[in-house]
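Trainee: Listed here are the chains, written in short residue letters.
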Amino acid sequence: MGIRFVLLVNKQGQTRLAQYYEYLTLEERRALEGEIVRKCLARTEQQCSFVEHRNYKIVYRRYASLFFLVGVDNDENELAILEFIHLLVETMDRHFGNVCELDIMFHLEKAHFMLEEMVMNGCVIETNKTIILTPIHLMDRAS
Amino acid sequence: MAGGSSSSSSSFSTAPAPSLVDSLFQRSLDDLIKALRSQPAGAEPSLLSRAVAEIRREIRSPDPDTKAVALQKLTYLSSLHGLDASWAAFHALELLPSPSPLHKRLAYVAASLSFHPSTTDVLPLSTHQLRKDLSPSSPPPFSSLALHLLSLSASPDLALHLAPDLLPLLSPRSSPSSPLRPKAAAAALRTLSVCPDVAPLLFKPLVDCLSSPDLRVVSAAVGAFAELASSGDPTPYLPLAPEFYRVLAESGSNWILIKLLKIFTRLAPLEPRLAARLVDPLCDLLRRSSAQSLVFECVRTVFSGLPDHDRAVRLAVDKVREFLASADDPNLRYLGLRALSMLGPRHSWAVEESREAVIRSLADPDPNIRREALHLIMVMVFDSNVVEISVLLVNYAMKSDPIFANELLDAVLTTCRRNVYELIVDFDWYVSLLGEMARNPHCTRGEEIERQIVDIGLRVRDARPELVRVARGLLIDPALLGNPFLCRILSAAAWVSGEYVEFSRNPLELVEALLQPRTSLLPPLVRAVYIQAVFKVLAFCFSTYIDQLEISQLSSSIVESNTAAAASCIADGIAGMESTDGIATGDKPASLFSSIENKDPFTCESLTKLLILIETAVGPLSENDEVEVHGRARNLLGLIHMLREILTWKTEEQGFIKDNRIGEIVNLLQSMFSEELGPVSVNAQNRVPVPEGLVLEENLADLAWTLTEDDTAPSMSISFSLRSHQHGKTKDAAASSVRSASLLAEHRKRHGLYYLPTEKDETESNDYPRANDPLLPASQGDVPEDLVKLTKQSLIPRKVKHTKPRPVVIKLDEGDGVSTFPSTTVKESKDDLLSGAIHDALLGEGKPSSSQKRYSDKSSRGRVKDIADTGESVSQSKENLESGNREHRSSGSKSKHRGHGKERHRSPQKNEEKEEKNHRNSARSSHHHERHKHRPRGEALLNVAPRAPVIQHFLL
Chain A
1 MGIRFVLLVN KQGQTRLAQY YEYLTLEERR ALEGEIVRKC LARTEQQCSF
51 VEHRNYKIVY RRYASLFFLV GVDNDENELA ILEFIHLLVE TMDRHFGNVC
101 ELDIMFHLEK AHFMLEEMVM NGCVIETNKT IILTPIHLMD RAS
Chain B
1 MAGGSSSSSS SFSTAPAPSL VDSLFQRSLD DLIKALRSQP AGAEPSLLSR
51 AVAEIRREIR SPDPDTKAVA LQKLTYLSSL HGLDASWAAF HALELLPSPS
101 PLHKRLAYVA ASLSFHPSTT DVLPLSTHQL RKDLSPSSPP PFSSLALHLL
151 SLSASPDLAL HLAPDLLPLL SPRSSPSSPL RPKAAAAALR TLSVCPDVAP
201 LLFKPLVDCL SSPDLRVVSA AVGAFAELAS SGDPTPYLPL APEFYRVLAE
251 SGSNWILIKL LKIFTRLAPL EPRLAARLVD PLCDLLRRSS AQSLVFECVR
301 TVFSGLPDHD RAVRLAVDKV REFLASADDP NLRYLGLRAL SMLGPRHSWA
351 VEESREAVIR SLADPDPNIR REALHLIMVM VFDSNVVEIS VLLVNYAMKS
401 DPIFANELLD AVLTTCRRNV YELIVDFDWY VSLLGEMARN PHCTRGEEIE
451 RQIVDIGLRV RDARPELVRV ARGLLIDPAL LGNPFLCRIL SAAAWVSGEY
501 VEFSRNPLEL VEALLQPRTS LLPPLVRAVY IQAVFKVLAF CFSTYIDQLE
551 ISQLSSSIVE SNTAAAASCI ADGIAGMEST DGIATGDKPA SLFSSIENKD
601 PFTCESLTKL LILIETAVGP LSENDEVEVH GRARNLLGLI HMLREILTWK
651 TEEQGFIKDN RIGEIVNLLQ SMFSEELGPV SVNAQNRVPV PEGLVLEENL
701 ADLAWTLTED DTAPSMSISF SLRSHQHGKT KDAAASSVRS ASLLAEHRKR
751 HGLYYLPTEK DETESNDYPR ANDPLLPASQ GDVPEDLVKL TKQSLIPRKV
801 KHTKPRPVVI KLDEGDGVST FPSTTVKESK DDLLSGAIHD ALLGEGKPSS
851 SQKRYSDKSS RGRVKDIADT GESVSQSKEN LESGNREHRS SGSKSKHRGH
901 GKERHRSPQK NEEKEEKNHR NSARSSHHHE RHKHRPRGEA LLNVAPRAPV
951 IQHFLL
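Chains as they are written, first to last, in UniProt numbering: chain A, 1 to 143; chain B, 1 to 956.
Just so you know, these hints were derived from the structure itself, not from any lab.
Keep in mind it's a predicted model, so treat the numbers as computed, not measured.
Incorrect hints may appear among the rest.
Said to hold, decoys possible - Calculated pairs, BS3-like style, for lysine-lysine (alpha carbon to alpha carbon, straight line, at most 30 angstroms):
id : chain 1 : residue 1 : chain 2 : residue 2
1  : B       : 132       : A       : 110
2  : A       : 39        : A       : 11
3  : A       : 110       : B       : 204
4  : A       : 57        : A       : 110
5  : A       : 129       : A       : 11
6  : B       : 204       : B       : 132
7  : A       : 57        : A       : 11
8  : A       : 110       : A       : 11
9  : B       : 132       : A       : 57
10 : A       : 129       : A       : 110
11 : A       : 110       : A       : 39
12 : A       : 39        : B       : 399
13 : A       : 57        : A       : 129
14 : A       : 39        : A       : 57
15 : B       : 34        : A       : 11
Construct all of the structure, not just a fragment, from the sequences and the given hints.
Mentor: Listed below in structure tokens is the structure:
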């Protein structure tokens, strides 16, 4: 499994989206999120976007007040994951129009759907923004 | 990105058209979020518990809308606030069959976020609904949801039951560009990994996906294979190499290429011809690609998959240098360092080429980059450059931030310790380096330094003078006593000074250092070590003094000049001592007496002062409430009182000689410490065989007899050599020591088993020059200069002529430096199941599956091994490290290759085989078929062709 989890965390360290592709208990998740947030949020712009944590590698990127943190296997391609993060942000941006923390909070399901379209079982399966968003548009129209 | 779009939030209605009553009372998710946002700090727990209580009530409602909203809220709370949602699993299940797309979606999201086989016991209940949603007749979005749930929460049972339902989705017939096919491929991967038994069913369609015209399908399939190949044994995928190679040549998508390269990284080491074929396309990609991610993946593939192909390595190293040189992108710098450390020591020239960049990275603002650089440098340490690198790092640690400083110290300590100090030639240097580390204000590695100081003292006889010198430096510095991280080092220093006090230049000063007032800052256990050291030093001082007097008497009797003044008497004593060196020092190195400097010999006066000093400093400690300190202080004071009672020596020097009691006491004490301590093998205990006829449960009544018989031997159980502190012995003492030595020899002969072999180093130690000169003139430089200096030095090992021979390091055979073997067996079992199953799916028809063989009895094993021996196999060298069982298995799967060329299409037999496996898993499966149980196993194994021709067929 390439991607182990995708986390969105705001500047205060509050989780805004959490999708795990491997099973962790709630306590493990809470501990993991706390440790990662402590490690990554303290880093500066001049430092690289990769942090090793336990047996994961965290690839993260900051967009305005939101941190996108992706936990991957050790042999995963870090730069490709950065591109994936950027793609996720662009997709959200296209859908919400200037996406911000509140959009994701109030539309958590949609954010999950976008992720579902892009990643399955830890593998990136879709990178075309239009195709990713099509089912969501369909859903919007249906409801 | 910034700028709220809260307006859009209101347009999103969470539950359409709720029934009238419920809509009046139920809070929507939006309400809940707003409430959570507006609550005052600290009120969250109460708000959450109220919300959960609300949800518990609502979720039981018969109205699906109310239930859906409740579930939605619960999903939100459990996902972001970490609340337990497992209790609601059944309610999510209830909503799965809902005809409303919205409810279905909510239910699936809730399920996929919280369901897991280990916690969700209602999971099997979802089987039917999942099958329904996966069927081709249901709308694609529903199937998509079901696939997603399957890929996140599949249990082995669920995977087994639903695998056939994945087939239509995986097949190209469904529709040429179905959005479901890539998802089905990803879900198939999950199914395969939780339940290897479905491999015969799913593997072929997954392979077919590789030749799909739809890039997304190819991408998903390649991703799945990359995952399969990297999670277990990659050998089963080797026959697919031509297929992967074709995709590599045809595909232009970077995502696919990266995943493909991951597969090739695993496959290339298994098949040299594949590696050779890869060089060209890889070089091409390295030269032309503008995507750094792809370039980096190529570098990684070359470094870990094709390290023997110089052309590719050369090109990749050039790319890495570009990475390292990118000043504005820390990511590339980091990855460049990572890539270099993949290369390993064999290609140290690559690091050598970039050494300046690597060394400069030690000062990078990013600690992660610094750490990588450090790691890389430590891989490049050889005995030729260990001095330069260690000095550089230890000096740099002085100026670095505390965390990194300790990482640097750690790196040096672990590297130098490796394999019983195999890198260290000059121990005097290393010991003083340890002293320097201890003086680093950030040092928190006291325990490791303590361990090494004591360890070197025990193992390296020739390093002891320098050790004592370094220890003195640490002990006399009052500033170090206040640092809690250093007390362990001080404890080691005190121990070394006491144990090897004969190398001390000034034992009196040492006692003062050990008893200085600030020692009260030390923890009790360390104080106890200090007091014990004082005890040893005191015993040494007296014994030396008596020896001096005896010798002076001896010499004065020779020159016939008696009753000289005390001072001149002692001076004569030393002169006489030197003249009779050869006899008097016997088994002692000559260094002993030159280390006691002439200007400060022991005199009656100085010894009296010493006693007073010890009495005043230790006296209060006899009331200490720590037993260790208390006990040792009492011991010491007891000795002093004993010495004080004998008054004669106070008045005249000769009193010592006249009153032989002091001599006796001192001799007694000396003999207590005279035996040298040596390192003990961790296996020493195991090596002692249980003597024949020993019954451990036996009554120990005859123990007393045994004790009286063996009592003559010294109490120290393990000794390398016997060293006596008495020099210039009187004939009496000499005779007694001869007697005890012979007794000891006899004892050893009888109980030789219990002793480690005596080392030969005693004979060699004397021609080793003692180095008391301060070392390390280079260590005072400034850091940046040093950094640059090192960049001029080569990291490559070069031949250095050592000026002095490496001292003997006592090394115990198997117990030392052996780290525990990593145990990987647990994880492998599952991978092997999967790869075995894939072997069957890919290659074998009409033969027993490898997993079947695994269960087979041992009688077939020898035969299979024979075949493995004759067949030439690439993987064999890889396998031979592993257990016989594993070899047996891989050779079994090798036998599969024969069938590969003949038939690739699945035959009905495949299904039978699957059923048979089901039978084996009958604990959870209901299929029972006995038909093939007695299929002769050996038959298929008899005519096994070597694998090489098969591969050739595919590659060329």
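Trainee: Of all the hints numbered above, which does this structure not satisfy? Sort the numbers upward.
Mentor: 3 and 9
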